[in-house]
Amino acid sequence: MSAAPQKAKAGAEKIEVEVSAIVPVNELVSRFEFKRRDGQPFPPFSAGAHTVVEMNDNGRMRLNPYSLMSDPADTSIYAISVRRDDEGRGGSLFMHRHVKVGDPMTITYPVNLFPLDLRGHKHVFLAGGIGITPFLSMIATLERMGGRWEMHYACRSKALGSYVDELTGRHPDKVHVYCDDQDEAIPLESLLDGQPLGTHVYVCGPAGMINWVHSTAEAHGWPKEHVHSEEFLAPQPGKPFEVRLCKSDIVIQVGEHESLLEAIERCGVQAPFLCRGGACGQCETDVVEADGEFIHRDHWLEEEEHASGKKIMPCVSRFVGKTLVLDR
Amino acid sequence: MTIQFNTETFRDDYSFRNSDWAIKRFPFPFHEDSYMYSVNMEQHRGGPKGSVYEMRFDVDEHYVSEMADRAIVLAEDPLRCQSLPHMTLAGWDTLELIMVSKSEDYPDLFELHRDGNRWRWINKPMDIDHTFTFLDETTLPCGPLEYITRQAQGDYAVLDQRDDMLYMDAGMVTTQADWSLDFDIGMDFFEWHAPVPLAHEMGIFKRALKFLLNIQQGAPARRLNWTMTVNPLLDTSPENYHKWGVQKTTLTPENIGSKQHLRVELQTFYRLPRSNALLFPIRCYLISFQDLVTIPKWGRRLHRVIRDLPEELATYKGFIDNRPLMLDYLSRYDDGLPTSPGVWPDLDTEPSLQK
Chain A
351 MSAAPQKAKA GAEKIEVEVS AIVPVNELVS RFEFKRRDGQ PFPPFSAGAH
401 TVVEMNDNGR MRLNPYSLMS DPADTSIYAI SVRRDDEGRG GSLFMHRHVK
451 VGDPMTITYP VNLFPLDLRG HKHVFLAGGI GITPFLSMIA TLERMGGRWE
501 MHYACRSKAL GSYVDELTGR HPDKVHVYCD DQDEAIPLES LLDGQPLGTH
551 VYVCGPAGMI NWVHSTAEAH GWPKEHVHSE EFLAPQPGKP FEVRLCKSDI
601 VIQVGEHESL LEAIERCGVQ APFLCRGGAC GQCETDVVEA DGEFIHRDHW
651 LEEEEHASGK KIMPCVSRFV GKTLVLDR
Chain B
-12 MTIQFNTETF RDDYSFRNSD WAIKRFPFPF HEDSYMYSVN MEQHRGGPKG
38 SVYEMRFDVD EHYVSEMADR AIVLAEDPLR CQSLPHMTLA GWDTLELIMV
88 SKSEDYPDLF ELHRDGNRWR WINKPMDIDH TFTFLDETTL PCGPLEYITR
138 QAQGDYAVLD QRDDMLYMDA GMVTTQADWS LDFDIGMDFF EWHAPVPLAH
188 EMGIFKRALK FLLNIQQGAP ARRLNWTMTV NPLLDTSPEN YHKWGVQKTT
238 LTPENIGSKQ HLRVELQTFY RLPRSNALLF PIRCYLISFQ DLVTIPKWGR
288 RLHRVIRDLP EELATYKGFI DNRPLMLDYL SRYDDGLPTS PGVWPDLDTE
338 PSLQK
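Protein chains in written order, with this note's numbering: chain A, 351 to 678; chain B, -12 to 342.
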């Protein structure tokens, strides 16, 4: 229609914030709270949503997605919890080491790739470690709506379980905690067995836990549509490779510890993104020419699209080979 | 109040009319001399001053009369507004979005005063001043979706998003181009688009669905769609086809200019913040052929578009039988001169009719 002289903007809308509090939760996890710099309330968000935090790490831009864990009804703050990953790519270390109260930061509008199914008669939450965070906003929402829920939370030890005391204190009958160091484990089979018809299960944690829940639920006859999961795929390191961006007419190098999307951004080329986790589809890019092998890690493209070699999701996927030319 | 509201009807004596202001700002949908389906989406973040794209929810001279027509339709058929039980939160999202947008965009017409969850809503054109508790249905006379869309022009489909699919699980639909909420409710995106010809083969719907699933909070989108209607009818529903379908046979060379209307939908798409549902407002604009051809560029172009439209589309849009009559009329306003690109009337630069 070309009604208005405006160009589509890549990625999500952004919000300028200030770090208003940093609260240590345990030896690995800290909660970061944000206020808006313009003094306005935040937009409301839906339970399970995340925001992408921009970190200016000495000129290198890091962008990590974190679940919003504050109460969606409280629009005065947004809060995230960040687990320090000493082996990771550096985003969580930057948050823990360099971010201070009062720092200005930029975050994106909320994006939800892990919503509650509001048709559910009951909601069962299965959390592993830092996977607890999306459930905190889900619990707040269901408590307000009078929804039925229960939570099963696996952590390495009670001391490393984030928000265990608050949760068990506030909801002693609904929250069940299992500690590795006590040889406790979520009794998944009996748990799935006893649920009323119309129950939905949500799992957030390590990939192994997510696969375990999906396969166990399927084996117990649960409909696929009633089992929900969220796993942020961090880009995996890999051998450096070279890419030609034909629209921008430049050749770029992708380093061992950066993603293709990060390399594109580092070279000053604007590319759309939302989740940076291979799930939202925003960064889908056409392959113009390729001689080599793709390492597709996304959840977005269909199997035949992976096989075709015509598309790549630069946020999580890599390439091994001689030539890669992208339409970017 | 800045807008002079018409007293008019969309039924019986059809006193509906467009002022010169409404004609010049009409959302003419053809940016070139031919038409084919496309996803044709763009961001919905304002537009030229005075255009229908300027505000988030356009309010124009037909507002009060359109709301009166909606009330008549609902009194005869309450199923035009439905909301499956899990969509109540999306109804509140819709109410909040419309109240906030209208009070900010038209402060002389609408006011919203919020004290926590205690809200006071003032709608001056409809003479409403109501205090209620946000998220408490018992404080409204009806559900939140029905309450606010009885005060907002256009239809509203509310789409739940689950498993990478959209489901039409709620809506207020009284001004539709021959489709039915009661029939479509609960259907998924491909099911409710099943009757549309050609577009499936072109892969349009698969691409459109991917686009819609990714619409983000704070970044709404929009597109135009169009069809034809004989007489200025808002309610052209399948439920009432026996009343309006027969009117298509009443066109004559003498009355076509005033009776035949181009019907344009301004469709917008909003991600709703609390429910993560997708709100799909569909605003209907009508213009008679005789008003439309007062804009020389639009007269020339409409003739060419209707003449060259594939038969399947003219059939699907319901005017294949009247196409010869329409072309006879419109050809009088096409002198063969080239038209400028884009949808705007370009009154200062387009030559007047040369025949």
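Don't read these hints as lab results, they were simulated from the structure.
Backbone N, C-alpha and C define an ideal beta-carbon position, used for all residues, glycine too.
Be aware that one or more of the hints could be misleading.
Claimed, not checked - DSSO-like mimics (lysine-lysine), calculated; alpha carbons at most 27 Å apart, straight line:
| no. | chain 1 | residue 1 | chain 2 | residue 2 |
| --- | --- | --- | --- | --- |
| 1 | A | 660 | B | 36 |
| 2 | A | 364 | B | 36 |
| 3 | B | 36 | A | 574 |
To be verified - One-sided and incomplete, this derived list gives chain A residues near chain B with beta-carbon spacing under 8 Å:
| no. | residue |
| --- | --- |
| 4 | 422 |
| 5 | 452 |
| 6 | 455 |
| 7 | 462 |
| 8 | 468 |
| 9 | 568 |
| 10 | 572 |
Here's how the hints hold up against the structure:
1. In summary, the hint linking residue 660(A) to residue 36(B) is not supported, as the alpha carbons are separated by about 43 Å, beyond the 27 Å threshold.
2. For the hint linking residue 364(A) to residue 36(B), the alpha-carbon distance of about 25 Å falls within 27 Å, and the restraint holds.
3. Simply put, residue 36(B) and residue 574(A) have alpha-carbon atoms about 49 Å apart, too far for the 27 Å limit, and the pair is violated.
4. Given the 8 Å rule on beta carbons, the hint for residue 422(A) holds: about 7 Å separates it from the nearest Cβ of chain B.
5. A least Cβ separation of about 26 Å between residue 452(A) and chain B goes past the 8 Å threshold, and the interface hint is therefore violated.
6. With its C-beta approaching chain B no nearer than about 18 Å, residue 455(A) sits outside the 8 Å limit, and its interface hint is violated.
7. For residue 462(A), the suggested interface contact is upheld, since its CB lies about 5 Å from the closest CB of chain B, less than 8 Å.
8. The closest approach between the C-beta of residue 468(A) and any C-beta of chain B is roughly 4 Å, which is under the 8 Å cut-off, so the hint is satisfied.
9. Checking residue 568(A) against chain B: minimum C-beta separation of about 15 Å lies over 8 Å; hint violated.
10. The interface hint given for residue 572(A) is broken, as the beta carbon of that residue sits about 14 Å from the closest beta carbon of chain B, more than 8 Å.
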